[in-house]
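Residue numbers (the numbering used here): 3 to 295.
Simulated from the structure, these hints should not be mistaken for laboratory data.
Here a beta-carbon is modelled for each residue, glycine too, at the ideal position from N, C-alpha and C.
Don't take every hint at face value.
Below 25 Å or equal to it, Euclidean Cα-Cα: the simulated PhoX-like pairs (lysine-lysine) are [unchecked claim]:
no., residue 1, residue 2
1, Lys51, Lys280
2, Lys240, Lys219
3, Lys240, Lys285
4, Lys219, Lys184
5, Lys285, Lys219
6, Lys240, Lys51
7, Lys285, Lys81
8, Lys219, Lys51
9, Lys280, Lys239
10, Lys151, Lys51
11, Lys239, Lys219
12, Lys239, Lys285
13, Lys280, Lys240
14, Lys280, Lys219
Distance windows between CB atoms, simulated [said to hold, decoys possible]:
no., residue 1, residue 2, range
15, Asn31, Gly93, 21 to 27 Å
16, Ala28, Gly49, 43 to 49 Å
17, Arg255, Leu164, 35 to 41 Å
18, Gln166, Ala28, 39 to 45 Å
19, Asn31, Gly60, 38 to 44 Å
20, Glu70, Glu192, 41 to 47 Å
21, Asp291, Gly60, 29 to 35 Å
22, Glu192, Thr73, 41 to 47 Å
23, Asp150, Phe122, 20 to 26 Å
24, Ala28, Lys239, 14 to 20 Å
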Amino acid sequence: MNLRIGCLLLFLLVVGIVSGQPIDLARANQIAHHQGDNDCPSWSPDGEKVIFQTNRNGSWDIYCYDTETDTIYPLIISKYNLQHPVWHPDGQSIVFDSDSLGREILFIYSLAGNETTRLFNREIDGREASFASSSRQVYFSGYNKTNDKWQIYSYDFIYDNLNQLTHNNSYCLDPQVAPDGKHLVYYQAETVLEPATIAFINWYGEESHRLRGINAKDLCWHPAGLKLYFISDMDEKKGELYSIWDDGSHLERITNDTIAQYQPAIAPDGHTLIIVGKVPDGKGLFLIDLTED
3 MNLRIGCLLL FLLVVGIVSG QPIDLARANQ IAHHQGDNDC PSWSPDGEKV IFQTNRNGSW
63 DIYCYDTETD TIYPLIISKY NLQHPVWHPD GQSIVFDSDS LGREILFIYS LAGNETTRLF
123 NREIDGREAS FASSSRQVYF SGYNKTNDKW QIYSYDFIYD NLNQLTHNNS YCLDPQVAPD
183 GKHLVYYQAE TVLEPATIAF INWYGEESHR LRGINAKDLC WHPAGLKLYF ISDMDEKKGE
243 LYSIWDDGSH LERITNDTIA QYQPAIAPDG HTLIIVGKVP DGKGLFLIDL TED
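I would like the entire structure built from these sequences, with the hints used as guidance.
Written as structure tokens, this is what we have:
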């Protein structure tokens, strides 16, 4: 059987149920109830933990949710802002950006050693790191001083090679690497508050296609690599969760409720989605079982 067809059949078996009744966050499992905002959830490679940033103590800290014990605990606490946390592919480290040096810089935190160091030694402002299953390269939003805009960069740890992948006069933000590591998606906008088009490029920056007219933000890949989830206000100003295949087909609205949503993330097994939802005292985290009817 053709590999892509086989992956597609498996993908449909795993997430096909989502095409049924729209999901209502009011009936989902809210896991973060503390007053304040909880943002940017990221699943561990084994699917057992979720890290996220929270400002419950004033500045942005990184906390962890353990799915096995249904508990939340602080992971990295600082007087500075620690944001956009993601798991390193080894499952033993956390990568995030921080303003501890007076500008946004990427750092890596070792869980075993309880130690934080620069992710790489280059003088570039960076945020929103993204890895595929390989740890050879990291993709991120980097600040280009020449045109005063954020662009997409990659860094190769083996060859100590920093590459600028986009060269636009508008903002290029939030790169998300496909699970196969061969291409990535980001959104390009005239301002940081107005996402415009979704662009697909390969690992060395060559663009293949764009998705227009869906006003997408907060993109994430399904683990099978054929489908993207995102938030859009194309139907509701508060924003709803949608999915679309990477070729621009099969656009589908997933949620239909009164809770504004942000930053979806899919578990490695494709069975569970975690999403940020607006609640009266801030932003909460909600778990959604994609296998339930």
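Evaluation of the provided hints:
no., hint, result
1, Lys51 <-> Lys280, "22 Å, holds"
2, Lys240 <-> Lys219, "13 Å, holds"
3, Lys240 <-> Lys285, "13 Å, holds"
4, Lys219 <-> Lys184, "21 Å, holds"
5, Lys285 <-> Lys219, "17 Å, holds"
6, Lys240 <-> Lys51, "28 Å, violated"
7, Lys285 <-> Lys81, "21 Å, holds"
8, Lys219 <-> Lys51, "24 Å, holds"
9, Lys280 <-> Lys239, "13 Å, holds"
10, Lys151 <-> Lys51, "34 Å, violated"
11, Lys239 <-> Lys219, "13 Å, holds"
12, Lys239 <-> Lys285, "17 Å, holds"
13, Lys280 <-> Lys240, "10 Å, holds"
14, Lys280 <-> Lys219, "16 Å, holds"
15, Asn31 <-> Gly93: 21 to 27 Å, "24 Å, holds"
16, Ala28 <-> Gly49: 43 to 49 Å, "25 Å, violated"
17, Arg255 <-> Leu164: 35 to 41 Å, "39 Å, holds"
18, Gln166 <-> Ala28: 39 to 45 Å, "44 Å, holds"
19, Asn31 <-> Gly60: 38 to 44 Å, "27 Å, violated"
20, Glu70 <-> Glu192: 41 to 47 Å, "44 Å, holds"
21, Asp291 <-> Gly60: 29 to 35 Å, "34 Å, holds"
22, Glu192 <-> Thr73: 41 to 47 Å, "43 Å, holds"
23, Asp150 <-> Phe122: 20 to 26 Å, "23 Å, holds"
24, Ala28 <-> Lys239: 14 to 20 Å, "19 Å, holds"
In summary, the numbered hints that this structure violates are 6, 10, 16, 19.
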